[in-house]
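*Asks:* Quick mapping for you: the protein sequence lines, in order, are chains A and B. Under my numbering, the residue at position 139 of the first sequence is numbered 249, and the numbers go up by one with no gaps. Under my numbering, the residue at position 91 of the second sequence is numbered 201, and the numbers go up by one with no gaps.
Be a bit skeptical, because a hint or two may be false.
The list cannot tell twin chains apart, which means a pair is met if one copy fits it or any two copies do.
As the list claims (entries may be wrong) - Straight line, CA to CA, 20 Å or less: simulated SDA-like cross-link-like pairs of lysine to any residue:
(1) K311 to L271
(2) K161 to K299
(3) K279 to H241
(4) K149 to E192
(5) K116 to W248
(6) K204 to E255
(7) K161 to A281
(8) K299 to A331
(9) K311 to A178
(10) K258 to R268
(11) K161 to T206
(12) K137 to P233
If you're looking for bench data, these hints aren't it; they were derived computationally from the structure.
2 protein chains.
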Amino acid sequence: MTPQAKDLALLRTLPLFAPLSDETFAKLAESIRFDRYVKGDTIVRQGDQAKWVMVVLEGFVKLTRLSANGEETLIHIFGRGETFAESVAVLGDKHTTTAEAAGPTRIVRLPAHVVAQAAREAPELALAILHESSAKIWALMDEIEALKAQTADQRVLRFLLSLVPAHAKNAEARLPYTKGVIAASLGLKQETLSRSFARLKNIGVEIDGRTLRIADADRIASEIERLNRIV
Amino acid sequence: MTPQAKDLALLRTLPLFAPLSDETFAKLAESIRFDRYVKGDTIVRQGDQAKWVMVVLEGFVKLTRLSANGEETLIHIFGRGETFAESVAVLGDKHTTTAEAAGPTRIVRLPAHVVAQAAREAPELALAILHESSAKIWALMDEIEALKAQTADQRVLRFLLSLVPAHAKNAEARLPYTKGVIAASLGLKQETLSRSFARLKNIGVEIDGRTLRIADADRIASEIERLNRIV
């Protein structure tokens with residue numbers, strides 16, 4: 111397989127493309143563009159006209175908002191297989207957030223007018239786009255729930271547990287982005303995150319640079335349970 | 111006009127229905143159901159199969175999440191003209207939140223299978239549904255930004271300012287829901303909200319039961335500006 115053919119085969123497995131007929135997929139594939147970014151690169155800018163539907167192939171994309179006071183707030187982070195800007199692009203709106211690469215990142219871009227036209231002809235694409243938007247609504251609701259109802263330690267534990275395979279006993283994983291980005295994504299100050307990391311040593315969680323080591327994943331799950339009960 | 115005809119004429123002006131052809135609207139109108147609720151009534155329950163696309167005609171609907179510890183978190187509040195459950199219903203998913211009337215409320219319900227079928231035949235309906243989901247994504251992002259980046263006073267001032275007409279000098283308005291619900295929607299403890307209300311007297315904001323009086327809306331806007339600069 112050529113690298114291009116490999117990428118197309120990978121795309122076919124992603125939520126936005128998997129439900130499509132071969133015909134619809136072939137039509138989209140004709141105008142697909144692949145882009146590479148390094149950490150800190152701006153992919154799209156808040157306020158710009160949305161012209162592309164984008165899917166993360168590798169790496170992580172940070173969505174941030176610039177407020178009236180010039181302060182940048184991290185709203186969400188997308189990872190592999192996640193689609194972004196699909197609704198603003200298809201609706202012809204402007205980007206409401208800035209998207210930036212959080213590290214080495216590969217993106218697939220599809221021209222908005224091609225996707226919009228294909229969605230009119232193929233209802234399964236319209237539904238796949240709606241599905242992506244719906245998944246985003248759930249993820250944002252999760253985030254609001256965490257911000258309103260969970261303590262710093264609960265948010266940190268849930269995040270760390272999301273990095274290791276389900277049912278793993280002990281595990282080692284790489285932190286997907288810097289501590290600054292992790293803190294911002296959890297709505298914490300960096301000092302608060304560091305203090306939380308320090309406390310977690312007592313339950314067998316060790317963070318060494320970008321490496322996370324968990325001695326006993328069950329113990330983390332029961333610590334989350336315990337914190338749930340006392341909040 | 112009969113009350114039913116009045117309601118249908120009103121529906122036609124709402125974002126979900128305005129872009130539809132007469133034919134598509136007529137098809138949906140056949141299976142529309144109107145429901146009334148009083149404060150505290152459950153409209154749909156988290157975990158239940160989504161069977162209806164719903165639109166708020168009058169009043170307010172609170173979306174809440176029940177977490178593992180049995181704690182209820184207010185995620186969002188919908189008002190007149192706003193659609194909810196549209197994506198979960200069309201996609202055949204389960205409700206991820208509980209919807210409850212925050213006061214006297216009227217709701218329009220459309221059977222999910224009728225909407226899904228009509229959306230396959232009429233791309234303008236699929237786009238209108240996507241538009242509603244997109245509006246929800248923006249609103250939830252606003253909420254995350256406020257929770258992460260704004261102080262209690264900033265959130266309270268923005269909320270109060272949203273209740274009075276733009277460009278009003280002095281204004282009187284009714285608080286749309288109880289102080290408990292306002293506090294929960296802003297991610298604040300009720301005591302924090304009360305302390306914030308007390309501080310706002312100094313800039314001509316008076317809250318008397320459910321009545322809000324603003325002596326000078328410009329002063330609120332410049333207070334928001336000032337707080338933006340010092341955060």
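*Asks:* Are the hints correct? Go through all of them and say.
*Replies:* Hint-by-hint comparison with the structure:
Taking identical chains as interchangeable, the C-alpha atoms of K311 and L271 lie at most 20 Å apart only when both belong to the same chain, with a minimum of 14 Å there against 46 Å between chains. Taking identical chains as interchangeable, the C-alpha atoms of K161 and K299 are never at most 20 Å apart, the minima being 35 Å within one chain and 42 Å between chains. In this assembly of identical chains, the alpha carbons of K279 and H241 never lie at most 20 Å apart, being 33 Å within a copy and 44 Å across copies at closest. Taking the shortest Cα distances, K149 and E192 sit within 20 Å of each other inside one copy (18 Å), while across copies they are farther apart (39 Å).
Taking identical chains as interchangeable, the C-alpha atoms of K116 and W248 are never at most 20 Å apart, the minima being 31 Å within one chain and 35 Å between chains. Taking the shortest Cα distances, K204 and E255 sit within 20 Å of each other only across copies (18 Å), while inside one copy they are farther apart (27 Å). In the homo-oligomer, the alpha carbons of K161 and A281 never lie at most 20 Å apart, since the shortest distance is 41 Å inside one protomer and 41 Å across protomers. Proximity of K299 and A331 under a CA criterion of 20 Å is satisfied in neither setting, with 24 Å inside one chain copy and 28 Å between copies.
For a Cα distance limit of 20 Å, the shortest separation of K311 from A178 qualifies neither inside one copy, at 40 Å, nor across copies, at 24 Å. For the homomeric pair K258 and R268, the shortest alpha-carbon distances inside one copy (15 Å) and between copies (18 Å) are both at most 20 Å. Taking the shortest Cα distances, K161 and T206 sit within 20 Å of each other inside one copy (13 Å), while across copies they are farther apart (31 Å). For the identical chains of this complex, K137 and P233 are neighbours both inside a copy (14 Å) and across copies (18 Å), given an alpha-carbon limit of 20 Å.
Going down the numbered hints, you'll see the structure goes against 2, 3, 5, 7, 8, 9, while the others check out.
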